[in-house]
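Could you build the full structure based on these sequences and the hints that come with them?
Number 425 in full-length UniProt numbering belongs to position 425 of the sequence shown; there are no gaps in the numbering.
Hints listed in this document are in silico derivations from the structure and should not be mistaken for laboratory results. Even for Gly, the Cβ is constructed at its ideal location relative to N, Cα and C. Relax, there's no trap hidden among the hints.
Straight-line distance between alpha carbons at most 30 Å, and here's what the computed DSSO-like set of lysine-lysine pairs gives:
#1 Lys221 <-> Lys143
#2 Lys156 <-> Lys302
#3 Lys213 <-> Lys224
#4 Lys221 <-> Lys402
#5 Lys384 <-> Lys423
#6 Lys188 <-> Lys277
#7 Lys277 <-> Lys221
#8 Lys126 <-> Lys156
#9 Lys213 <-> Lys302
#10 Lys277 <-> Lys302
#11 Lys431 <-> Lys402
#12 Lys143 <-> Lys277
#13 Lys422 <-> Lys384
#14 Lys213 <-> Lys188
#15 Lys224 <-> Lys302
#16 Lys423 <-> Lys302
#17 Lys423 <-> Lys375
#18 Lys402 <-> Lys156
#19 Lys402 <-> Lys375
#20 Lys221 <-> Lys422
#21 Lys422 <-> Lys375
#22 Lys156 <-> Lys224
#23 Lys277 <-> Lys224
#24 Lys221 <-> Lys302
#25 Lys402 <-> Lys213
#26 Lys213 <-> Lys143
#27 Lys213 <-> Lys277
#28 Lys436 <-> Lys402
#29 Lys375 <-> Lys431
#30 Lys156 <-> Lys188
#31 Lys277 <-> Lys156
#32 Lys375 <-> Lys418
#33 Lys221 <-> Lys188
#34 Lys422 <-> Lys302
With beta-carbon atoms standing in for the labels, derived distance ranges:
#35 Lys277 <-> Asp331: 41 to 49 Å
#36 Gly437 <-> Phe263: 23 to 31 Å
#37 Glu345 <-> Gln429: 20 to 28 Å
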Amino acid sequence: MRRGIDNPRKHSNEHLQDYVGFLRQSIMRRIFFPVFISIFLCISVFGFAMELTFSLDTQFNTDFFHGQRNDSPPIPKGIEEILMDSLAAIRDQRMDVALRRMETLIETHPEFRLAQLIYGDLLLSKSRPITSVGNYPDAPPDKILGLREEARQRFKHHRYFPSSAALPEYLVRLPEESGRVVVVDIGKSRLYLYESRGREIRLRGNYYVSVGKNGFPKRSKGDKKTPIGVYVTTDSIPPNTLPDRYGLGAFPLDYPNEWDRRFGRTGDGIWIHGVPKDTYSRTPRASNGCVAVANADLLSMKDALATPNTPVILARDVSWIEQEEMILRRDRFERRFNRWRRNWENSDHVGYAEYYSRDFRNETENRESWLLRQKQFADARDRKIEIGVSNLGIFGYPDEHKMLVVTFDQDYRSGSFKVRGKKSQYWRQEKDRQGKGDIWRIVYENTPHPIQ
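Here it is as structure tokens:
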């Protein structure tokens, strides 16, 4: 049976109070999904005029509603756009238009709690002015607050999303193998999916998400926080093997990564997954640390998430730069990276050592033991070394000052000896030996994992 109203237009003014009573009862039963216009519509009546203000950290602005927000790629006519169109109509006092929009939305998505309550508020406005929004005496306060925050996050995204020429500053280079990367802006409850086209990186989709109940960053097992860092997908779990709360599937991440383990961060089971089938979306902080996405959105990005080793960047608050600046950053760093590789190939042990920070260490070695082992390994063969690099990925690391994660497939050849493996390095910009300028050095490097 469809939740919501079979034919909303049949509700006349004389039945509105009955409808409000139904809302109150249903909120307690959690059948008519609980929110009341989470956007704090404040209406004052002067004759027939109403003034609407959105208390979403800013007032309603006509720029938002007339296409002047930014030049980002147009979003297909979907759920969020219909929601924004309805709010624009409310702002312009075109209540009938807003009501029709919301009817369309809840007819196709009756499980969308935020839409249901905006619709209820529109019906209530026909009989009397709304002076206290979202103030049902029987409504659970935590539900009201969570859905208000969802509305705020959705609204802020549509106001402040940057131009299509801008990129998250972390996307220095995407690996050829996957060609895609997921960036989650935890602070704004938003997920962005990017793909590479030659030297350009383009936005493929952006989606509202829910994260950990206790925020971020994750430090320990069971803290119900979402980690911050650079991760990759490791697997895909079909929905028929999962409880309903995970929706249409789950895609585990490799938390804790090497950097997390270096600082003793614990826990596991951080996934990107769907939501229960009886709801469209969850409030911004509702998971146990995972990233929860609407089921329809999860399906639209399934091909990227199901590809092993797709990078996933979880950031506190994404900063944006222009594509041209990103290309300059990429070229500058790659010149430094290639000089490191040539020093290794040329068995220039002194020059090679200059690329390693005094703070270098991995799971088993510090700087001195690492460099000694590399030298002994090369000297034992007494042959020219060839280092092949492919599938190179370079990403900024959130919440770490001037640090890059570099991953690549490494082909090591020396005479008849050949080995191929996946390597991870963490490069940090620090002062040179004279303290005059900044230089990139390696603070972590793993022993390559064999590639089958």
